[in-house]
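Okay, here's what each chain looks like letter by letter:
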Amino acid sequence: MSTSMVRRTAILVACMLFATQLRGQQSRNTVAFTGIELHDGLGRVLPEATLVIRGEKIAAVRAGGAQPGEKVVDLHGRVVIPGLIDANSSLSGGQGFNYNREDPVLPNLRVQDGIETLQNFHAGPVASATGLVVAYLSPGAWRPIGGQGVTIRLDGETLLDMQMIGTQFVHFSINEGALFPYGLGKAMPQTHMGIVATIRDELLKARRYARLRATARGSARPAYDPDLETLAEVLSGKRIARIDVDTAAEIERALSLAAEFGIRPILEHCVEAYKVRDLLAKAGFPVILMPYTQGDVYDVAVERKVLETPGWLAAHGVPVAFQTFGHGMPPYGNTYEYNEPQNLLLNGILQVRAGMRPEAVLSSITSVSAKILGIGDRMGSLGVGRSATFVVLDGQPFEYATHVEQVWIDGRRVFDAAHDPIVRR
Amino acid sequence: MTAAILSTSPLLQATCEAQAATDVTLLCAARVWTMAGDPISNGCVQIADGRVARVGQRSDFDTSLPGVVDRPNGEIIPGIIDVHSHFTLRGDPRGAGEANERSRSFAPDLDILDAFDPYDPSVAHARSGGVTTALVTPGSIGVVSGRSALVKTTAPPLSQMVMRTPAGVKGTSWRPETYDVFDHWLGEARAAQARPSSDTAIAIKVGEQLLRREIPLVIHGGYPGGEIEPVLAIADKYALRLIIYHCESCDENYEELVARKIPIVVGPRIMYWNRGRETNLASFLMSKGLLVALASDASSGESRYLMDDAGLALHYGLTEKQALEAITINAARIFHADDRIGSLTPGKDADVVVLSGPVFRARTHVDLVMIGGRVWYER
Numbered sequence: 001m002s003t004s005m006v007r008r009t010a011i012l013v014a015c016m017l018f019a020t021q022l023r024g025q026q027s028r029n030t031v032a033f034t035g036i037e038l039h040d041g042l043g044r045v046l047p048e049a050t051l052v053i054r055g056e057k058i059a060a061v062r063a064g065g066a067q068p069g070e071k072v073v074d075l076h077g078r079v080v081i082p083g084l085i086d087a088n089s090s091l092s093g094g095q096g097f098n099y100n101r102e103d104p105v106l107p108n109l110r111v112q113d114g115i116e117t118l119q120n121f122h123a124g125p126v127a128s129a130t131g132l133v134v135a136y137l138s139p140g141a142w143r144p145i146g147g148q149g150v151t152i153r154l155d156g157e158t159l160l161d162m163q164m165i166g167t168q169f170v171h172f173s174i175n176e177g178a179l180f181p182y183g184l185g186k187a188m189p190q191t192h193m194g195i196v197a198t199i200r201d202e203l204l205k206a207r208r209y210a211r212l213r214a215t216a217r218g219s220a221r222p223a224y225d226p227d228l229e230t231l232a233e234v235l236s237g238k239r240i241a242r243i244d245v246d247t248a249a250e251i252e253r254a255l256s257l258a259a260e261f262g263i264r265p266i267l268e269h270c271v272e273a274y275k276v277r278d279l280l281a282k283a284g285f286p287v288i289l290m291p292y293t294q295g296d297v298y299d300v301a302v303e304r305k306v307l308e309t310p311g312w313l314a315a316h317g318v319p320v321a322f323q324t325f326g327h328g329m330p331p332y333g334n335t336y337e338y339n340e341p342q343n344l345l346l347n348g349i350l351q352v353r354a355g356m357r358p359e360a361v362l363s364s365i366t367s368v369s370a371k372i373l374g375i376g377d378r379m380g381s382l383g384v385g386r387s388a389t390f391v392v393l394d395g396q397p398f399e400y401a402t403h404v405e406q407v408w409i410d411g412r413r414v415f416d417a418a419h420d421p422i423v424r425r
Numbered sequence: 001m002t003a004a005i006l007s008t009s010p011l012l013q014a015t016c017e018a019q020a021a022t023d024v025t026l027l028c029a030a031r032v033w034t035m036a037g038d039p040i041s042n043g044c045v046q047i048a049d050g051r052v053a054r055v056g057q058r059s060d061f062d063t064s065l066p067g068v069v070d071r072p073n074g075e076i077i078p079g080i081i082d083v084h085s086h087f088t089l090r091g092d093p094r095g096a097g098e099a100n101e102r103s104r105s106f107a108p109d110l111d112i113l114d115a116f117d118p119y120d121p122s123v124a125h126a127r128s129g130g131v132t133t134a135l136v137t138p139g140s141i142g143v144v145s146g147r148s149a150l151v152k153t154t155a156p157p158l159s160q161m162v163m164r165t166p167a168g169v170k171g172t173s174w175r176p177e178t179y180d181v182f183d184h185w186l187g188e189a190r191a192a193q194a195r196p197s198s199d200t201a202i203a204i205k206v207g208e209q210l211l212r213r214e215i216p217l218v219i220h221g222g223y224p225g226g227e228i229e230p231v232l233a234i235a236d237k238y239a240l241r242l243i244i245y246h247c248e249s250c251d252e253n254y255e256e257l258v259a260r261k262i263p264i265v266v267g268p269r270i271m272y273w274n275r276g277r278e279t280n281l282a283s284f285l286m287s288k289g290l291l292v293a294l295a296s297d298a299s300s301g302e303s304r305y306l307m308d309d310a311g312l313a314l315h316y317g318l319t320e321k322q323a324l325e326a327i328t329i330n331a332a333r334i335f336h337a338d339d340r341i342g343s344l345t346p347g348k349d350a351d352v353v354v355l356s357g358p359v360f361r362a363r364t365h366v367d368l369v370m371i372g373g374r375v376w377y378e379r
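Protein chains in written order, with this note's numbering: chain U, 1 to 425; chain A, 1 to 379.
Keep in mind that the hints were calculated from the coordinates and are not lab data.
There could be a bad hint or two in this list.
[What the hints assert, rightly or not] Far from chain A by the CB rule (all over 12 Å, computed), these chain U residues:
1. Ile11
2. Pro47
3. Lys186
4. Asp416
[Claimed, not checked] Partial list, computed: chain U residues near chain A (C-beta under 7 Å):
5. Glu157
6. Leu159
7. Val300
8. Val352
9. Arg353
10. Asp394
11. Phe398
12. Tyr400
[Said to hold, decoys possible] Below, a sample of chain A positions facing chain U; criterion: calculated Cβ distance under 7 Å:
13. Pro121
14. His184
15. Leu186
16. Gly187
17. Arg190
18. Thr319
19. Pro358
Built from N, CA and C at the ideal position, the CB exists for glycine as well.
All chains, full assembly: derive it from the sequences and hints.
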């Protein structure tokens, strides 16, 4: 052989060896969880499945076992679901943003500017121990135009680490909570009429503002106004309106406003959804509901209707997500009531009992929530290319006896029941 | 007085009609949790004259007779007892509202039954969740806020519903004047015991009942620090029966409670984050040998969910048996009502709940609720 041929062969062999090394490295990052019952969050259940993750992402979801080159973790007998997502969380101690109640219109009030010491969230051990991986922190529902929340991943040290890029919202409320003696009773709104008029007023101003900013010249062009910019984005659909309503009449008002301004909002809370479920099904707007009645409905017949409504709406094509309503976790709240964020999975039991299909209940705290929050491409379901964010359970999702064994976020295990220093169940 | 108003009530008539339903004399299921010994597999509960007559294996009974409720896949438990409730009282029990006479901090003469509304829908609502007895109580605004009562979740007239009045005296321990108020009051009551008189004020008579240990002092307490120490000192000095509601930080000072064998009613929360650590308060206190019940602290509709609160307690570490005991026999024992309720034992009230499946399972419903031998709820 000539020298150049030897050299070429040597280089070729070296390259092949290098390539083999590379593939070996990739295999080292590839983990296959086998023997699991996999619920993908989109309605599908694979009874004997393997979930393969590579780095931060899901590489494969398959019936059957691992393939050569995959590092095997045998989770025989376990159930795997997507990481849970609370679509409207008070984890940040949401009520705290409502203490200054003087101004009924604050579209640019941002939750992220008001959260203290996110590092002190015991979100890692406590939240993750219950399968909650993402929460939308709401600014509360106590103002006609109430501000913006933020979607966070419950993993990280600072807000920058945790914050997720998703849909941007502006909050509106048409409910008792939005009434307040604004201006010591001398400022709008003091009634529901006032609330809706306030919202309409601001949206009309924003519409005019947007038109003039785009078309007018010189002195006719209004100065930059951050509040109106934000509201104009709601009108254009760049931001989504979240409207908190309780009674059937309030729901109708919200639907009416939406039609008036040509927007597609998300409706929150909707305690009396059962009275207007046909209207909601017709409109098709996503709704974020409580999975149970919080003890505020105490007529047996009415309660049954309230509990059956989420399932009915979901069956009629309305995207239904569930939320919690607690005071939040440490340090903002230190007790675990039924309605706390960490009980999001267990709250589903009441919906299963009311007759909603378990996979639909699961979707309501995973894929539907993710889609509403604009992170459905990454989170909320188990499929190829999605984030490797999932929960390992020792039983069926909606049973009191079931516990979380492991929680993985973006391919990293953030909770392991067997070795956690704080959480002991 | 109340009966006279109610005797011509159409609502009462309608209720009576609803009541005159099936005469059920035998209830059978895959498992009977008697709360008096091990559960019975394939068991039955026989009813007679409003009481439990006999409990045993299915094979010991004739299930072909009329008046049988049979759930071969279900379970039977005793009627659930919610010993911390403000149900039917309008308003916010933690602030304004019928549960708190805010004008006075010292009010032992007040009687919750004068505020309790037997027509309120939350009675039927609680019943539909399996709650057959509730201890309805004033709130926690005053040092002594009034007298509580045990009621069955049946229907008006009030006299039909009341099981025991008074069932206790409600108080709180966190106010600075707590010790002095109790000391003065019970000192007077002790003096009055030596001089019986028909002119004795109600407040003093109630104090005498406490001194005789006929009724317990029920304290809302347990916030961090030595907050319950004043009432412990009072209970020691006057040899009172003391019961504590909530007891949030009682994992700190449990030795004081154990030494005095003080029963605790936790709930609805049992999980706390105390000093950087998760604590299952019920589990902890039970492990120290204390008698612990779980209750709802309902303002209205929460009582119906007490069995789900117990399910949550199960999730966070209680065993099935502990979780069930906490809402049945323990609650009865704490208020000295276990002669009549809390377990399916011959001679006790026929307060029975039939479940469609295994207890604490997601898909299990309350199928039937019997109180005093009559069916009051069917799904």
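Quiz item: Looking back at the hints listed earlier, which ones does the structure fail to meet?
Solution: 5, 6, 10, 14, 15, 16, 17, 18, 19
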